[in-house]
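Generate coordinates for the entire structure from the input sequences, incorporating the hints supplied.
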Amino acid sequence: MAACSCTEAYGNTGRAYDCKAVFGIARNVWLVPKFDSSSVQNHILNSATLNQAYFIGKFNADNRLDRIYPINDVKEFDSTKADSKVFEHSDGTKQFLAEGVRSFAYTISDVEYKYIAKLRKSGCNQFGVYLQDADGNIIGNGRQSDRLLPLMVEIGSLDVKAMWATDAPQTSGVTVTFDLARTELDQDLAVITADQFASDVDFEAFGLQGVLDLEATFSNISTTSADANITLNYGSHNSKVLFTSGVQVDFTLYNVTDAAAVTITGMDVTDAANGNYTGITYALQDSADVMELRIDPTTKNGYEMNQQFTIP
Amino acid sequence: MADWKVIKGYAFNMDVIEGKNGEKAISKTEFMKQLKDVLEKRNIDPETCWNELKGKSKKTEESKEEDSPE
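Chains as they are written, first to last, in our numbering: chain A, 1 to 312; chain B, 1 to 70.
Watch out, some of these pointers could steer you wrong.
[Unchecked claim] Partial pick of chain A residues on the chain B-facing surface, computed with a CB cut under 10 Å:
id: 1; residue: 241
id: 2; residue: 245
id: 3; residue: 249
id: 4; residue: 264
id: 5; residue: 265
id: 6; residue: 267
id: 7; residue: 269
id: 8; residue: 279
Just so you know, the hints here were simulated from the structure itself, not pulled from any lab data. As the structure is a prediction and not an experimental result, all values here were calculated from the model. Quick reminder that beta carbons are idealized off the backbone N, C-alpha and C, glycines included.
Pasting the structure below:
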């Protein structure tokens, strides 16, 4: 409960029966770092134009601190609120002390167990969540009048477990649980309704499904060229899913040792169907320099790679 | 965003070839140093490629020479 105000002791109790901003059952969970790359708490400004470009930009931000990480189509979403803390006097009367902690739980079906490690990374840092219901409405914290903040998660409360397929029946997947921070008050919950989105917004578009990590295996490395076989890090342990949609403009090269961008002079993407991006050429590099082949989600929406190799 | 030109399946960064958009133009010597092996592995003649990228065929060069006031 927020501190009582002596100047505004009573709240008017009229209700709006039309155009209610009511949130349905959560379908998507958007993980959001607490602070962005400029150390400002991540937010959605009321004045923002909520069109496809806005969400593509947020979901594929170059800096991971600025990025929204959507987990789409969660199942069995559950929200529970622990009993409020109440002090009971010896005469039997009670005094409210604090709201109980709110916990969220949900499952993600049909996802590889590798997903656990990706989700746990969030738990290493301060982060929050926006929730989205099936109609597209977004719920967060509206304590600031000009923006919607994420609901902050209690540090250390995130738990992610593998869910086994069983005869019960039960599908294979992942279960996620966490608590909201004690600073998150029910009265601050606020909703941006889907009718505020521009007509071009489509959350089923590939660029809004969350960024996929890519991995590269390098061969034929020389001081001026290298070949790469690129896969997602999903698939069979001994045969990952191939990354087949790369084109030359998607790639950049960086010399980690020299901390300098290196321009790619040419490359061959004709065997991309097999994940092969070959003959990647560049100006002469020093032996033992560490290079990094990059795919940036701002350029290639939905994908990211920062894979290193060493010049022989 | 870089401009790319594809010759026989191999894509060349034209910013480097032509020295534009902040890139230093690659010399023919440097081009051969970087790309000779890569192109020959693909049965692409580096010399022909260089000429095509630079917008000059043998014929063009010859006619240029003929047209030259010198």
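Outcome of the hint check:
no., hint, verdict
1, 241, "violated (24 Å)"
2, 245, "violated (15 Å)"
3, 249, "holds (6 Å)"
4, 264, "holds (6 Å)"
5, 265, "holds (5 Å)"
6, 267, "holds (6 Å)"
7, 269, "holds (6 Å)"
8, 279, "holds (4 Å)"
Of the numbered hints given earlier, the model fails hints 1 and 2; all others are met.
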